[in-house]
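Participant: All chains, please: the whole structure from these sequences, using the hints.
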Amino acid sequence: MTYSYYPGCTLKTKAKDLDRYGRLSAEALGVTLEEIENWQCCGAVYPQASDEIATKLSAIRALDAAKGKGQKLLTLCSACHHVIKRVNHDMQTDDNLRLKANNYLKLDEPYLGEAEVVHYLEMLRDEVGFDNIKKAVKNPLKGVKIAAYYGCLLLRPSGVMAFDNPECPTIIEDFIKAIGATPVIYSQRNECCGGYISLEDKPQAQKRVDAIVKSAMDAGAEMIITACPLCMYNLDANATEHRLPVKYFTELLYQALGIEEEKEGA
Amino acid sequence: MSNNITTEDILRISGVDTRKCMFCGKCSGTCPAFDEMEYHPHQFVYMVQWGMIDKLMESKSIYKCLTCFACLERCPRNVQPAKLIEAVRQAVIRQQGMNHMTENDIPGLLEDKLPQQAIVSAMRKYKK
Amino acid sequence: MQKIGVFVCWCGSNIAATVDVKAVANAMRSEPGVVFSTDYQYMCSENGQNLIKDAIRDYKLDGIVVCSCSPRMHEATFRKTAMAAGLNPYMVEIANIREQCSWIHKDMPEGTEKAMVLARAAIAKVKKNAPLTAGTSPVTKRALVIGGGIAGIQTALDVADAGYEVDIVEKSPTIGGRMAQLDKTFPTLDCAACILTPKMVEANQHEKINLITYSELENVSGFVGNFTARIRKKARHVDEKKCTGCGVCTEKCPSRKGLNEFNMGLNTRGAIYIPFAQAIPNLAVIDTSNCIHFKTGKCGICEKNCSAGAIKFDQEDEIIERKYGAIVVATGFKPIDASYFDEYAYTQSKDVVTSLEFERLMNAAGPSKGVLVRPSDGEHPHDITFIQCVGSRCSHDATKGKEYCSKICCMYTAKHAMLVREKYPDVNVHVFYIDVRTPGKNFDEFYRRAVEQYDVDYIKGMVGKVTVEGKKLHVQGSSLLSNDQLHIYSDMVVLATAIEPDPTARSIGTMLTASMDTNDFFTEAHPKLRPVESPTAGIFLSGVCQGPKDIPETVAQAGAAASKVIGLLSKNELVGNPCVAHANELLCNGCSQCERVCPYGAITYVEKEVRGPEFRGVKRVAQVNEAVCQGCGACTVTCPSTAMDLKGFSNNQIIAEVDAICR
Chain Y
7 MTYSYYPGCT LKTKAKDLDR YGRLSAEALG VTLEEIENWQ CCGAVYPQAS
57 DEIATKLSAI RALDAAKGKG QKLLTLCSAC HHVIKRVNHD MQTDDNLRLK
107 ANNYLKLDEP YLGEAEVVHY LEMLRDEVGF DNIKKAVKNP LKGVKIAAYY
157 GCLLLRPSGV MAFDNPECPT IIEDFIKAIG ATPVIYSQRN ECCGGYISLE
207 DKPQAQKRVD AIVKSAMDAG AEMIITACPL CMYNLDANAT EHRLPVKYFT
257 ELLYQALGIE EEKEGA
Chain L
15 MSNNITTEDI LRISGVDTRK CMFCGKCSGT CPAFDEMEYH PHQFVYMVQW
65 GMIDKLMESK SIYKCLTCFA CLERCPRNVQ PAKLIEAVRQ AVIRQQGMNH
115 MTENDIPGLL EDKLPQQAIV SAMRKYKK
Chain G
630 MQKIGVFVCW CGSNIAATVD VKAVANAMRS EPGVVFSTDY QYMCSENGQN
680 LIKDAIRDYK LDGIVVCSCS PRMHEATFRK TAMAAGLNPY MVEIANIREQ
730 CSWIHKDMPE GTEKAMVLAR AAIAKVKKNA PLTAGTSPVT KRALVIGGGI
780 AGIQTALDVA DAGYEVDIVE KSPTIGGRMA QLDKTFPTLD CAACILTPKM
830 VEANQHEKIN LITYSELENV SGFVGNFTAR IRKKARHVDE KKCTGCGVCT
880 EKCPSRKGLN EFNMGLNTRG AIYIPFAQAI PNLAVIDTSN CIHFKTGKCG
930 ICEKNCSAGA IKFDQEDEII ERKYGAIVVA TGFKPIDASY FDEYAYTQSK
980 DVVTSLEFER LMNAAGPSKG VLVRPSDGEH PHDITFIQCV GSRCSHDATK
1030 GKEYCSKICC MYTAKHAMLV REKYPDVNVH VFYIDVRTPG KNFDEFYRRA
1080 VEQYDVDYIK GMVGKVTVEG KKLHVQGSSL LSNDQLHIYS DMVVLATAIE
1130 PDPTARSIGT MLTASMDTND FFTEAHPKLR PVESPTAGIF LSGVCQGPKD
1180 IPETVAQAGA AASKVIGLLS KNELVGNPCV AHANELLCNG CSQCERVCPY
1230 GAITYVEKEV RGPEFRGVKR VAQVNEAVCQ GCGACTVTCP STAMDLKGFS
1280 NNQIIAEVDA ICR
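Protein chains in written order, with this note's numbering: chain Y, 7 to 272; chain L, 15 to 142; chain G, 630 to 1292.
What the hints contain is simulated information worked out from the structure, not anything from laboratory work.
Where is the CB? At the ideal position from N, CA and C, for every residue including glycine.
Heads up, a few of these hints could be off.
[To be verified] The list that follows gives simulated cross-link-like pairs (lysine to aspartate or glutamate, DMTMM-like), each with its CA atoms no further than 20 angstroms apart:
1. Y:Lys213 x L:Glu50
2. L:Lys78 x Y:Asp216
3. Y:Lys208 x L:Asp126
[Said to hold, decoys possible] Which chain Y residues face chain G? A few, computed with CB under 8 angstroms, are given here:
4. Asn109
5. Tyr110
6. Glu173
7. Ile191
8. Ser193
Facilitator: Now the structure itself:
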C-alpha cells in the first residue's frame, strides 16, 4: 500500500523523531509513504470562522496532490491531521468554500473533497492491523505501563474527525497492547494540554499539564505517548508538579519492531 | 468604545445558531479555561444572542479559549460555543491595528523546544 | 347516462373563506352527467345529510361527490348517508377541498379554481365507480400481549377480566419488567414490588391468562381479527411441570460468571438461576452460555441435586402457532448505553452508575442487600452527585443522545435524593439539573420536599466532566446561578440516563407492519384522539413502547388499550374493506412479482384453467385473498402486465381523475 504523505513543518524541524521513526516503521511494515511535492504549512489551526477561505488553501493543495496520485493522504502530526481532515470535510459539504477555493486555485479539475485523509494510527489499525503489528513486534515492551494521550485534535469534533469514540477512545490503547505494553486508562487523556496558550499564558498551560500528568500518574502510568509535537512540548516543558517521560508513539513502534538491531545486524 | 459589530455579524462569521441553546451550562462545566475567562462559554452564547458584543470584544476571555473543542463536542444541542468565541476574536483582530500578537513578539517567547506549530498557531489565532 | 349529484360544503368559514363555494356548485352543474349540484354550510350536519338523502331520492342519483374535508374525516359519514338513501356506499367520492385546498391557499380565485379541478376529478372518478359489497371476517376471541411488564400485565388483566383469553409473550424468564427492578415509586414512595407482585400473581393465576415466558415472537401474519403468530418458546432446559422453584440448583451451581440481569449486571448469578425471589413463573432456567455442562459436557451438579428431576439438558425450543383477534404491543424500554457519555467516566469507574443501577443498589433484594455502598470498594459514601438529562433533550445534530425529554428522570432523581437523605442523613446529595420538570399530581410538591425537607443540594447547571481522582470522583460542572465552575469531590455519581424503546421493538414493529417514529417509539393512529391504537388495524399500544411515561400513565394507557381490545373482541365479525386487489387472469403472466411485494401475504399463485379469446388452457395465475388484502395497491403498480387492479381505485378510475385534472 502506498500513501501520499504530508509531514508538516514541525516534523521537519523540532519533531524530526516523530517523522523519522514513523517513516522507518512504515517501511518495516510494508507501507510506502510518498511525501507530496511542494507542500505548504497547513496553518496549524483549523480556521473556524465560516468566512475563512485563504487560510484553507494550502490544505486543499495537499489534498488535491493526493487526489492526483489516486492515493490516500496520510498525516502524522495531530494538528496537520485535524486541519486537513476538516478542510476536506468543508470541501465536501460547503458549496460556498468549494466554489471560491476552486475559482482561486484554478486546478486542472476542481477539487471537490475526493481525497481520503488518514492518520498514521488509522493506517496501523485499518490497513496493517494491530494483530499483524503484534506478530511483527520483536521487542515487546512487556510490563511498561503507558498512558495514551489523545489530546483534542485527533478526536474532536467527532462528527468530522470520525477517528474514535471521542470520550472513550481505544486506538492508542490497542496500539500499546500491540507493541506488548500495558495501556493505562485515565480521565484526562482527551483533555487539552493548553496548546498554543503557552505563548500567551504559560501558567494556564502549566495548570492543564499538571492535571493531565497527575491523572496519568494516579492511574499508574510510567510514560505518556502522543502523536502531537505541541502536546509533546507542553507535557514535557510545562509540567511543574508532576513529571513523566513523554514519547512519540512512532518511537515506541520503532523500538518494538526492532528495526535498529536489524539495521545494525545488516 | 463601539465596534459597530452586531449579533448578526457574529452569527454570520461563526455560522452558529444561538437559538438552539437550552442554557444547560455544560460548555462552561467542561471548559478547561473557565477560571481564566471573564465571560464563560455559555455567556458568549447568551451575550451574542442579546447583542452584548462590545463587552465580549473588550474582554481578555477571547484570548483564553484553548480551542480544544470540548464545549463543541459535548454540547447536547450542537451550539458550538467555540465558534462564537472564535468569531468574536476574529471581529477584533480583523480591525486595523488590533492584532493581539505579532512577529515582533515571537523572539521574546522562543524556547529551545518550542515547536513551530505553536508559533504558527499563535499567529493564526492572534493576528490578521 | 349516469346521474351524479355534487354537494359543496362550506365547513363554516374553513372552506368558504378561501373557496367561492357557490361558484364551485354552479360550475359543476354544467359538468356532463351532473344533474344536481348545491352548497351547504355544514354538509356533515344532520340537515346537510338530509339534503343529500333527499337529492339521491328525488333525482334518482346513482353517484355522488361531496366536496368537503379529507376523506379521513367524513368519508364514512357520507357513505352511511348514501346507504340510508338506498345508494351503494362505494358510489360516494370525496373531493378534499379543505386540507388540500382551502387550508393551504390564501387567494380566493386560486382556491376556487383548484376546488373546481378537484371536484371535476372526483366526478370523473365516480362515473367509473362500481357498487362494491364489503365481505365479513370472523374475529378470533383471543388477544396477544407482547411484553410482560406492568403495561402488558395490566392490559392482559383487564382484557381477561372481560372474559377473553389472553396470551402474554415475554422474552425474559419472568414477567414483571422494569417495574420489578424499582425500589420505591414516586411520588408516594411505596415499594414497587409490594404493588407489582400481587398483579404478577393475579396474572399467573387468572384462568383466562396464559403466560408464555422466555419466548420470542418470530412471525405474525393475517389481519385484524385474524392474526396468526408464531412464537419461539426457548428451551429453559428445565421441565416446567416438574420444577418446584425450590432454588437448590441455583445455590449449588458452580458457575458464577453470568451477570445478574435483574441487578443490572452489578453482581453475578449461577448458570442455572431464578431471576428474583418473586419471579413468575417461579421456575429455574439455564443460561447455556455460562453453563459448564453445555460448555464441557461435564458437571451436571444441578441435575444431581434436583429432587424433582426437572433438569432437561436436551430440551429443545418449542414453536407455538396460535390465532389472535388483537395484538397489544407492550415492549417497554431500557436506559440508553451510558458508555457513550464517558465524559462522566461511566466506563472508568464502578462508582459511576445509572439510575436504574442505583435503584438496585438501594433495594433490599439488590447486590448490597439494600445497604448503600460504593460499588468499587463497598465503603459508605459521603457525597453523591446526580446528573440529570444524560442523553435526553439533545439536538438532532448533536453527536449523541435523544431529542426527547425522558419524562421520568426528574421525579426518580428527586426520589433517589430523598431516599438517600432519609436513610443516611450524613450523606451530602447534589443534583445538577437543567430544568426540574414535574407536571403530575403531587409531583412538584414531592420535588420541593426533597429541597426543603431533605436539604438536597439542587444546582442549576450541567456537569461537563467527571474524572477519577484516587478514590474520589472529581465532578466538574457549572453553577449557572452563581456563574461558577464547581468542583465536587464525590464518592458516587448517578447518571439519569435517557430511556429508549426496547431494542426488540423495531423488529416487532416490522412484523406487525405497525409504524414507528425515528426514535423507534410506536406511532399512535391519532396523537390526540386515538392514542392507544396503532394505525395498523388490530394493533394496540400500551406503555413506554409508545413514548416515555411513568407508572400511573402506563397503567392508564394499559387499561385504555384493553378497552379497545375488548371492543374488538366483543364483535363476532368484522366488515372488511371491499377496495381490494384482484387479478385479471387473462392478463396475468405468472411472474410472481406481486406476491413478493405484498406486505400482507395476501397473494398466492395457482395453476388454473383459463378461457379467453386468445388463450385457453391451464396457466399459473395470481389469486388475492380478499380477507387478507388491505388495498395498499403495491401489487397494482408492480404488475408488469396490468393484470392487477384495485377495486374502487382501478387504473381506469385514476387515469380518469388525472385526465379531468389536466383537462
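Participant: Run every hint past the structure and note whether it holds.
Facilitator: Evaluated hints:
1. Y:Lys213 x L:Glu50: holds (11 angstroms)
2. L:Lys78 x Y:Asp216: holds (18 angstroms)
3. Y:Lys208 x L:Asp126: holds (15 angstroms)
4. Asn109: The hint is violated - Asn109 of chain Y has no Cβ within 8 angstroms of chain G, the shortest such distance being about 29 angstroms.
5. Tyr110: violated (30 angstroms)
6. Glu173: Because about 4 angstroms separates Glu173 of chain Y from the closest Cβ in chain G, which is inside the 8 angstroms limit, the hint holds.
7. Ile191: OK, holds: Ile191 of chain Y within 8 angstroms of chain G, min 6 angstroms.
8. Ser193: Check passed: Cβ of Ser193 of chain Y comes within 3 angstroms of chain G, closer than 8 angstroms.
Hints 4 and 5 from the earlier list are contradicted by this structure; the remaining hints agree with it.
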